[in-house]
Every structure is written in structure tokens, then in C-alpha cells.
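Read off the chains here:
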Amino acid sequence: MERFVVITKEDFTVLLERLLGAYQVIAPVEREGRIFLSYVSDPAEVNMEYKGTTLLPPKRFFFPEVEVLFTYRVTGGRVELYDKLEEVRGAKRALLGVRPCDIKSLEILDKVLIGEYKDPYYAARRDGTLIVGLTCNEPDEYCFCAFTGSGPQASGGFDLLMTDLGDRYLVEIGSDKGERVVNLNLDLFKPASKDEVNEREEMLKRVEAEIRRQELPDLTKVYEAFAKNFDAELWLEYGRRCLACGKCNYVCPTCRCFDVYDEPSLDGSSGKRVRVWDSCHFLSFTRVAGGKVFRSERPSRVKQRIYHKYCYGVDEIGEIECVGCGRCIKVCPAGIDIREAAKRVVEL
Amino acid sequence: MRGNPYLPALAKIVKTRRETPDTATFRLEIEGSGGLEFTPGQFIEVSAFGYGEAPFSISSSPLERSYVEVTVRRVGNVTRALFNMGEGGVVGVRGPFGRGWPIEEMKGQNLLMIGGGIGIAPLRPLIEYVIAHRNSFGDVILLYGARTPKDIVYKEELERWREHIDVRLTVDVGDETWRGRTGVVTVLLDDVEVDPRETYSVQCGPPIMIYFVTRRLVEMGFTDDRILFSLERLMKCGMGFCGHCMIGGKYVCRDGPVFKYSEVKGLLEPALVR
Amino acid sequence: MEKPKVGIFSMSSCEGCLVQVLNLEDKILEMMRSVELVDCRLLGVKKSYDRLDIAIVEGAVMSDEEERELREIRERSKILVALGDCACHGGRFLFKDFKFDSVPVDLPRGLKSFRADPLDKYVKVDYYVYGCPIDGDDFLRLFKELLMGKEYRPAPFNVCAECVLKDNECLLDKGIPCLGPITRGGCGAVCPTSGRRCIGCRGLAEDANVDSLIEIFTKRGIEVPEYLWELKKQVGGGRRG
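Chains as they are written, first to last, in this note's numbering: chain A, 359 to 706; chain B, 309 to 582; chain C, 1247 to 1487.
Each hint should be verified, as a subset may be incorrect.
Claimed, not checked - List time: in silico EDC-like cross-link candidates among lysine to aspartate or glutamate, alpha-carbon distance up to 20 angstroms:
1. K1478(C) <-> E1452(C)
2. K1479(C) <-> E1469(C)
3. K701(A) <-> E566(A)
4. K630(A) <-> E1397(C)
5. K1465(C) <-> D695(A)
6. K1412(C) <-> E423(A)
7. K442(A) <-> E425(A)
8. K1478(C) <-> E655(A)
9. K630(A) <-> E1276(C)
10. K415(B) <-> D532(B)
11. K1478(C) <-> E595(A)
12. K568(B) <-> E527(B)
If you're looking for bench data, these hints aren't it; they were derived computationally from the structure.
Next comes chain A alone, as it looks inside the complex (with noise of 0.2 angstroms):
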């Protein structure tokens, strides 16, 4: 099988239909002007020709912002747990027109979630997700994939990854699950000649080049620079102007900070246990019984979520867990921009 496939855009319509039926199909959709990820039931609905980023990351797909764990039923001296993945188990879901930066989380997340412990909530939806990436024709102001090692090129994470080149799509088949998709549909494809291969390789060497025009350093190699300046002035000048309110974490595709909680029905005889996103920038994000909070300033606050994407992560995962997306940027109400913090730590 070749690895480089063309639909065309009306046949690309076709899929989606054959897409449609096969999996619950998971794709960007332009509302009011926002484009944000969602389920969708017509093709009409999806929007594959948006630019930059998605509103918010599909993390939420595999990781909701809301999950029940399980319930429970108190009866007499008795308990009994419902386990609320088998419901997780067996979806079989198609994830269309996500990032390569996008890509890359999921990829992080995955080291992070399936390793010694394995989040099974997390891998059960990866397991039945096919992932169709989309590359990057026209980035935003706040793109700085490049700088990262995540983007504009994705080197893996994809079953399937399409590039936009005008009437067609240029598809890249990147794995066994992404192949079959395209053998089941052989009718709608055909082989990319080596021109159409090479056109994408100039698209994205031309968006590399435009994200390049800001001044960054590699991000992939700060640890140090920010290792040396954890005291440094300027952090007490981002808690200034922090607001704690968390919208960085939520919209970040690597965040994945949770607290967990119990619901209880109103009699009190059963419940669930509810898993929500939490975020460093709270408050209560470290607070332990008997009230001694460990991060009540916010200057460590703020801290906390940067050194988790430029060092903690490379101590962690032995990588760095931002993927310069820039939506905490785009979302951040007081202008806080994590390039211009790295740029200012690496300057110092």
C-alpha cells in the first residue's frame, strides 16, 4: 500500500457520509464564528477548512471535563460499585481534522496515563478512537508549534492525516487501523503522484517559515534556562497579573489535572463518584486537610503550570509537555503569554 492517498473533496464528502456510519464521528464545527470540536451527524456540519486551533482541545473526547467513575447503592450494611467503564469500552469513534500540535498531546497525554498505572477511562477511548489529522495551511497569531517540536509536521499519533491542496485532499496513512479505513474505501482514493507529496512538503515548510517569523527560542531545550530562574523577578510580575481562574489549564491539551468528588442521591442510599478538571491556579489546588495550603501564592501558582510544560514534563516523560498551540495565550484574560515568559527566562 502506498502510504500517500488523494480523495477529492466531493468524494471526501462521500466518506464522511460512509464515516458517518460506521463510527460516531467526532469533527470541527464552525458556530457563530467559534470553531470547536464536536459530534456530528451530517457533513454539511463539518468545517475542515478552519485555521489555527479549535476553541478547545479535544482532550475533552478522551478525558471529559465531567466523568462518573461509578456508582454506588448503599443497601442495609451493604455497598455495591457499578463500574462505569464498561460503558467507555467499545465505542467505536472517528476523531476528524485535529492538529498535529493536537496530535502530539494525545501522545503526551499517553505516556502520562498509560504507564506504570494505566487510566483506563483515558485508554479505552483512545483505544476505539481513529484519529484523522488535519495539517495547518494558514496558522494563527498564537501558533508556535515549530518552536516545540510538535508541529507544523506531525511525525506519528495519526491513523490517518490530511493536508488541504485546493479540490483535494493529500492523505498520509500512518497506521493498520488508518490503511483499512482506506482499503474499505478504495473506490474514493487513489495514489498521490510524487508532486502532490511535494506540494504538502512546501506547505508546510511555508507555515514553518511564518511561525518562524517570531523570534523563539527551541522550546525543547529551556530546561535549564528556567531550572537557573525559578526566583527570578519577572515570576512575581506574571502573579501579579495572574486571575487564577484556571482557563489556561482547561484549554491546554496536555493539562489534565483532576479532583474528584462524591455525589450522593438526595435519600443518601446511592451516588456516584464524579472525576472533574481541576487546575494548579486554584486556591484549593493544594490545600490538604486541616487547611495548610502549599502553593498559596500565586507567583508559585502561575509558576507551577510553565515549569510543569518545560521542565517537570521533561523530567517526567523525558519530554516537554507544551505543544505551542497557543490557546492558553489566546484564552489568557490578563495577556499572559507563555512564549514571550520562555523568551524572557531564556534572555535572562
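Got chain A sorted already, so can you dock chains B and C onto it with the hints?
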């Protein structure tokens, strides 16, 4: 670990023992299993269904496999629920999690154990192990500080332990019956004579205690790899996922809770805080 | 076991928070089965009793008579819950903590300044249910947790956290003076989601950073309202380290 690590095993509270006005030891028997194998210093997550889950150091002897015990102070929703449930109550147990005391490494050495308040809980399994293998260790000293005489936990055990190891107590504030030392636990360190080159120091207690005791131990000549402590942080999942217990690239729940000072000294974020 | 005795009381208010409670319909009826409601004017319940386990009080204190009534409720109640913004903050949203003498609020009655005090100016309040109006499910959670002997904790985040999860675009970016960044969340960001700015009805968030919000307004050319300068004097940047 097989199966779903978020799903607790069910356990029954088979015995409770009041330690102090706000502290009790709960004995848990895990349903349908041969008990729990653990290393002293490891912890479990205990669920009170409807109230949530909280981490507790295992405080019972590792030689006793049919049950585990946790010693709990009534400060939060889960602990209050445990107190209200009492004997016969059904709870959930996940674990054991984390890394305990490096027992093999400590064999043949003297041990200087320092416990503050309810922080003595994770030392209890270690002490029981040491007493059961008394010849494998040199001199063993336990320094234990509580707020007042009423706050001293494990009163029975302390008497029994005295027959095997050197037990010294202090309270922050004495009362009319108290004949022993007063002052924070560091005052007991002033009288300790051990060779730091042949001794492991082992501590558990509130952050402020660990902060000052560690400073004192360094002054006494203990090298950083002979200063061990169990750190307290919020631990929700026990597996290094939820993020709350992170200290500069390490997860207390997974990489600890027992650390050598040498392992956390170089972390970017300070592990020892006042 | 005897059922806990519960009373629901109103100080001066629009009773909108109580309406939220009644809107819970089946759920509130189920909840009420495990308690004995002994006093509630809106439902026409008035039994005789000495002690209350839980008193739920909505509304602000606007007269000496109400002040007396409130003190009396406190006297005989084990737990007192302030329900809604008027009870929590005197109906002045973010101003509660800042003891302003008078706050200009346009009233239909045409009063320029008036007495409207939060309950905790006079009595100890055990729990607060924030919002104008309150969120019914929030109330349900509090009630359930009280009956279970669980400690109710309000949401630890501010409005922005929930807003971004709704895929909303930030109103500040559109030049709208939204108070979401300094306001306690838990409301599901209902106002910003429907395009209206947050007016701070749940009060100041834990660790609210007023300094930064003023800077944000200024940078975006949004006029900084007078009360933010007042707030700045009192809390400034919160915990800045």
C-alpha cells in the same frame, strides 16, 4: 495492578480504638481477599461512599496480613464520616500506593525515628517490623512529640515498644499529670547521641516539624541520603495523575510519600516548607 | 429518629431565591420528606416549635424589625444558612466585604441610598448559598450535605473557568466590562453564555485579583467603574506573593 484502579475494594470497619479526643484508629478488613501486602510507609485511599475519598498512611504492622489499620484525625468530610460510621461500617480501599521506608537499606544500621502528632502513624508499621526483626537493626530511638499529653496516640504500644527500643516523649504544653519533657520535638534531639554515619533518621509529622528537624539533623552531621521523611500533600488518585501532590517534577503519591532529603533537595520547588 | 426541623424565612427581598427553590419541584419535595418543615411563609406553613435544626434565610436586613427577627432566628437555630445574594451580601454583589456606607443603586422606589445589610452583619452565618438568584441545584447540594453532616464548600473557581468550558468567546475581548475574572463561579457562567456580562452576583472569588482586572479594563479601553477602584483599595491584587 489489574482491573480498574479507581474502583475501590470494599472493606469493613471491624474495630475502632479512640486514641485522643479527635483521633481514632480504624481496623479494616478487606472483603473477599487475603488482606493487603504493603511496605511500611505506604498509604491507602479510603472511601466513605457519599463523602469522598482521602489518603491515609497504613498504621498497622506489615506482619499482620488479615487487616490494615489507619489512624485518623477528624478534620474533613471523609474522616468525620468514618467516625460516624464506626464498627460495622463499609468503606472502600484502594492501594497500597507509593513508596515506603527503604527497609532493606536500613538494615544493620541505627534508626533515629522522629514523629510529630498523628505523623507517628506511618512509623508504627516500621516500628513493629523493626521489633519483629530486632537483631537486624542497631540502636533504635523513637522521639515523639505531641501537642498535649491528651494528644499522645498509641499509648499502649508506646509502653510495649519501650521494652525493645528507646522511646522518648515530649509535649508542647504539659498538664498537671505530665512529668516528662515539654517543648517541640527538636528539644529531644539535643540529647541524642548517635553516629550519623551509621544511622538513618526517619521522620514524619507536620511540614513545619520536618523543616526544622531536617535542619537540625544536617547540623548533627547526617548526610542528605540518611535523612528520610514522609511528606504530606493532597493526594487524590495515588497514581501520579491528578496532579495535586506534585513537587517540582515528582509526585508525592507515586515517587513518595517517603523521600530521602537527597532526592528532593535539588527540586526546583522547595519540598520542605514552613 | 426525629426528623430535623427546618424553617425558611424571608427578610427584604424579591423572593426570587425562594422561587428557585420551589422550582425544584419533585426534587425539593423528595428532600423535604426527610425533614420537618415547621415555618415557611411562602408555603403557608407555621407550626409551633422551640428549636430549629436548620434555618434558611433569604433577603437583606432593611429595618430594625428585621434585625430583631433575624437575631431571634439565630438564637433558636443550630445551623443558619444565608440564601442568595441579598442575604449573603446585602444585595450589593461585590460590595459586601467592603463595608461601604452607602451604595448608589437605582431602586424603583426612587431611593438614593438605603439600609440593606447582609445577615452576617448581625448574626453568625454557617453557610452561604451565593447568587442572584441562587442556583437551585446548588441549594439542593447544600441541603443534602447538611443532612449528611458533610461540609458544604462553594465552587473554588471563578466565573471564567466555567465560561471557557462553554466554548464562549471572552466578553472582555469585545470590550464588555465583564466581572467574571474576579467573581466566584458555580453559576455555570449563565450570563456570559447568553452574551450578558457578569455583574458579580456571587461575590468576590477566593483570591480575586482586582488590580489585574483594572489593568485589563484599561488595556482594552473599557472604562473602569468607580466601585472597582474602591475594591482595589480593599483587596488589590489578592495574594500576590
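Hint compliance check: list the failing hint numbers for this structure, sorted ascending. none
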